[in-house]
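Colleague: Protein chains in written order, with the working numbering: chain Z, 454 to 981; chain L, 1316 to 1701.
Incorrect hints may have been included.
[Claimed, not checked] Listed next, with one range per pair, are the computed distances between beta-carbon atoms:
(1) L:Lys1580 with Z:Leu943: 17 to 27 Å
(2) Z:Lys799 with L:Lys1580: 33 to 43 Å
(3) L:Lys1505 with Z:Lys799: 24 to 34 Å
(4) L:Lys1393 with Z:Val912: 37 to 47 Å
(5) Z:Lys799 with L:Lys1592: 48 to 58 Å
[To be verified] Subject to a maximum C-alpha distance of 30 Å in a straight line, what follows is the list of computed DSS-like cross-link-like pairs (lysine-lysine):
(6) Z:Lys799 with L:Lys1522
(7) Z:Lys799 with L:Lys1413
(8) L:Lys1396 with L:Lys1505
Quick caveat, the hints were computed from the structure, so don't treat them as lab data. Ideal placement from N, C-alpha and C gives every residue a C-beta, glycine not left out.
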Amino acid sequence: MFRRIKKYLGLDNQEKDNGAIYTDTDEPLPRNIDKVKERLNTIFSECSDYIQRDIVCGEDNGICILVAYIDGFVDKKVLNQDVIRPILDYFSCTDKLHRAKSVYQLIKRCIISSNEIEEAQSMRQAVYRIVSGDAVLFINGSRIALAVGVKAPQGRQVEEPDTEVSLRGSREGFVENLSTNMVLIRKRIKNPNLKFEMLQLGTQTNTDICICYIKGIANDEIIEEVRRRILKIRSDAILDTGYIEQYITDNQFTLFPLVGNSEKCDKLVSKLLEGRIAILCDGTPYVLTVPSLLVEAIQTADDYYDHAFFASFMRLLRLLALFISTLLPALYVALVSFHHTVIPFKLIITLAASRQGIPFSPFIEAVLMIMAFELLREAGVRMPRTVGQALSIVGAIVLGEASVAAGIASNLMVIIVAITAICSFITPPLIRVTMLVRFIFLIIANFFGFLGISLTAVVVLIHLCRLRSFGIPYMTPFSPLTMADLKDSLILVPIWAMITRPKALFQGDTQNRAGIKRQEAAKISEDK
Amino acid sequence: MKISKLAILFMLSILLPGCWDNTDLTDINIVTALGIDKDEDGKIIVTVQVAEPAAVQLTSSTHGGGGGSAQIKPVYVKSYKGETIYDALISMKSIIDKRLFLSTTQVLILGERFCKDGINETLDYLHRDYQANYLADVLVARGATPEQILKIQPDMDTIPAMYIKGTAENTAIRAKVERKMLIELFKDIKNECRQATIGQITRLDDKTVKTEGTAVFMNGKLVGWLDQYQTRGYLFVTDKVKHTTVSCSVNNSKISVEIIQSSGKKNVIFKNGEPAKLSIQMRLEGNISEYIGKETLNSPEDIRIIEKKISQEVKKEINMALTKAQKDYSSDIFGFGELVHKYYPQYWKKVMDKWNDIFSRLPVDVWVDIKIRQTGLIKSPMKKDE
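Required output: the full structure, derived from the provided sequences and hints.
Modeller: In structure tokens, the structure reads:
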């Protein structure tokens, strides 16, 4: 059965591949412009956005040029100004006869004032240029076409990302346009060591992918590994970095994110400077960073801009929030179902009083309330912005008031779910992870109490220690313990004390330049 | 295949034995106080005081606003008879609705008759069962059954047990009652060199109890009582006084001194291999907390007089306690036996069984020294004789 389906699918794929007309890699461009036109018309048949324009000029109308582009993709004004008008002007003023070869060179070197010109040697390249937004000039008698970059500015402006808000620091977020994103990075690292490696992925979409790293800081082996894994991707379409993430992640069967992502430029740049590798993808503002470690979940960009004491305190607070958001409901359920003995006397009265008259067991109650909250949250994400008010009112009243008044849930449970929810939002990369892990702990707690919780915690810990992100242990710097990297983990040391780069990621010279300079300065002042 | 089998096994292991002791908080009776007594036939009567959490919350939230009488009572008290404590507790299920949860027991009240018959063996259940709260305060009811005491309805606290615990705590701070937790009682019972004592509780009326005084045991049997002054004397000797107030009168003026520090040293003095004398040395420090009189307190001599008077008072109390323990009960509640055991183990082995008789016959040397440190905000009284 499966084999049959597979066979069917396989055949289907093959047919598709055959059907793609321009995949013929070696097809050279015909010399004759009419043949080119004919070929292009077959390739772009039924493409209503495809536009081609003939230019006939020169003495005896001897020069035929075909301009092909996608409507709306190119800036027509620029195309006219920089390409078509100069050609017409030039050839109308001169009465020299031009041979095809020289016409090509002439146009390329002297006439077109656009600064982005590339040669397309084959039909495939030419077509690719057309569909990716260039205007392509086919010159009669020449086997090389000219691709002129006159792309119209597309997409939205650079603005502050909604998902990652910071109190301090840059408010620039990435946009959907790849080249804009590259500029945003380059703007911050003015250094030729910052490398952008371009690739195309997706047999149908031909999406531009860019591997970005700083040569000399990033580990060459990891770069090679990233390259290898990305090139292995066989997919019709890459619509978001999320697609790539799923292809290149080390372990497919884990809840924890082994690839980081960010929308903020300054955050990404700091990650690059730590020796991480970024993967950008055209069409999405989310940029992937690898390797990604667990400790990144409690790090924010603000930490580094702020005083180290506050930052360290906030880090510890975030860690606490992580524990609360995964464990609190489970601990509560275990406490009220099994371990009455450890509850202080006055608390047990309060607990019992709040539980009085609730028809469900604590477990069912917790599951109900958490489910209600998760539903609300999901609705809040999906719904149109305008109905947000209504939803929050309904949520607050249903979750907070009515369920308690109706005797469905105890008010303590409402408090616990609320605290859990608040805490889960403190570590954004792990929101969905904590949600699922919370349920696992909750179920175990209902059956085994504290014993079950502690055993499950051990299992989760072992799992975390086994995970690798591009060969780097996920729990670095705690397991394996890397003393030097602890400076930027739970406790953050001031920026001037961060003398070394993260050892786990970096190869070679681990000295942080700023750190060295500072040390040298200190030495000099001591000598004086 | 293998994985699915394992998964099924795992699920079974969760579902079958998993929640055998999963009990909801609403399915237990929160026992706040436990009373144990005996009837004439030697059957054990167990009394439990169970809190109704919702009612407790309700009454404590409306507390001070008069409080409606139509509400459910915050606690109820039930008694049941049985052969043993456990038997009575289990049999009690026939009259109560939920499982009794003993870990929240705040106060354990022992009946007079129960204590007179001996507690050494009969308290076994509370030691054996994992649920019993070792930190519960133990008190012996005098002149009333534990049931009567647990049935009081105090104004001050919605839960009588908390009220009783509070009074015991207060009185212990004044050093008028010995506060004994269950675990300490177990230690006392196991201790061969020393006799057990437990605080005493009496019922004043429907709403009030009084925790003052001490029940003296001899080989696990209740033999008598110490009143509040004797209790303090006893506590002075055993070095358990933290704070207390001693009053005396000097030349028609009344003075209260607050003892802020007390260290008691006891010793057994041996002569020719036989114990010859018991000695008690007290070093106290105190502040004058009240002075009703007209004399000035300007010179150190004035203070000396007060110091002397107070030390006499303390000495008197200690002597009273000693006399009671030696002459009336011949029970070494002070723990002189421990010293003998420690320093003269050979001798102790010989006299172990008759130590209490030897103790009763020994003369005692009491020496009290007190230093008065401060006189409060003022030195002399407001209006003084010039």
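Colleague: What are the numbers of the hints the structure violates, in ascending order?
Modeller: 1
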